[in-house]
Amino acid sequence: MTEARERAAARPHDRDERWRSDFPYDWEADASVSRRDLLRLAVITSGALFAGTLLLSLLGRRDDRRRGSPRAIPGAAALPAGEALYFKYPGEDDQAVLLNIEGTGFVAYSQKCTHLSCSVYYRAEKGELICPCHDGKFDPRTGEPTAGPPQRRLPRITLEQRGGELFAIEEAP
Amino acid sequence: MSAGPSPDGRYVRVPAASRRDRPVPGREALLLGALAFGLMMLAIQLWLLTVALELYLAGDGERVWGLAVGSGCVFVGGLIAVWLLSRRPRIGA
Ligand code: FES
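Here the protein sequences come in this chain order: A and B.
No gaps in the numbering here: position 7 of the first sequence is 7 in my numbering, and each next residue is one more.
No gaps in the numbering here: position 45 of the second sequence is 45 in my numbering, and each next residue is one more.
None of these hints come from the bench; they were simulated from the model.
Be aware that a few hints might be false.
[Stated by the list, open to error] Covered, in the sense of this in silico footprint (three residues per stretch, anywhere, with C-beta under 8 Å from a C-beta of chain A), are these stretches of chain B: (1) 34-43; (2) 48-54; (3) 59-71; (4) 76-84.
Glycine included, every Cβ here is placed at the ideal spot set by N, Cα and C.
Okay, chain A solo, but in the shape it has when bound:
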């Protein structure tokens, strides 16, 4: 065998040795320590998940998610059965829809779709609240989703009849 060949045969071993000296490590100790560390990390993650759930439960107990103050809805009294009226509530930039449903009476919802916040509108001929963005549908009587991606009901606006006028009282999720 020539000298060059001998050198070539020895090269992989050299490389391995160089690698070991560059990154010295006790692999045996590594296996057992990392499992224990992983267990600790899992408990820390568990604590974080618990903290998140606890935070949501505390936030859910607060009542400040109801919005708006009593305001008359102009033109509501003249709304015929089976028709919809769009109005602004609770703020001037918030859109809402009032429905006069046969057999149920007046109901009102925020127009903000619970999927990705597109504007929901009422399709009278089908008797459905429709979101055009992804074909979401809501039951006009309850505001519950009936088709498409939305999973939560529309925020409901409570109504009150005061001296011949219909008032929006507040919006609740």
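Dock chain B with the ligand against the given chain A, drawing on the hints supplied.
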């Protein structure tokens, strides 16, 4: 053996303390089992959190506390498991 580089300077010796921390034979399996069970519990906790978020956004926030109690039980269980596993059994006592 003490901590520090080996005489030829190429390997780092593991400090004596971490060698002591190595589980005794048979405990590795226990640790692995606890880890597998713990990861399963983490998945359940993650699911509880998503249900809680869903309820919160839907305005049913009052019902979330039950989920928080469940998640808390898993967390406390994890703490107890870590405490139990970090105790070294007395061998041959
Ligand atoms: S935004 Fe309404 S269905 Fe997607």
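Within 8 Å of chain A's CB atoms, at least three CB atoms from the segment 34-43 of chain B: coverage verdict: holds (count 6)
Verdict on chain A covering the segment 76-84 of chain B, where coverage means 3 or more residues with a C-beta closer than 8 Å: Coverage by chain A holds for the segment 76-84 of chain B (4 residues, Cβ < 8 Å).
Outcome, coverage hint (the segment 59-71 of chain B, chain A; C-beta under 8 Å; three residues): Coverage by chain A holds here, the residue count being 10 at a Cβ distance below 8 Å.
Given coverage of the segment 48-54 of chain B by chain A, checked by CB-CB distance under 8 Å (3 or more): Since 5 is at least three, the answer is holds.
Hint violations for this structure: none, all hints satisfied.
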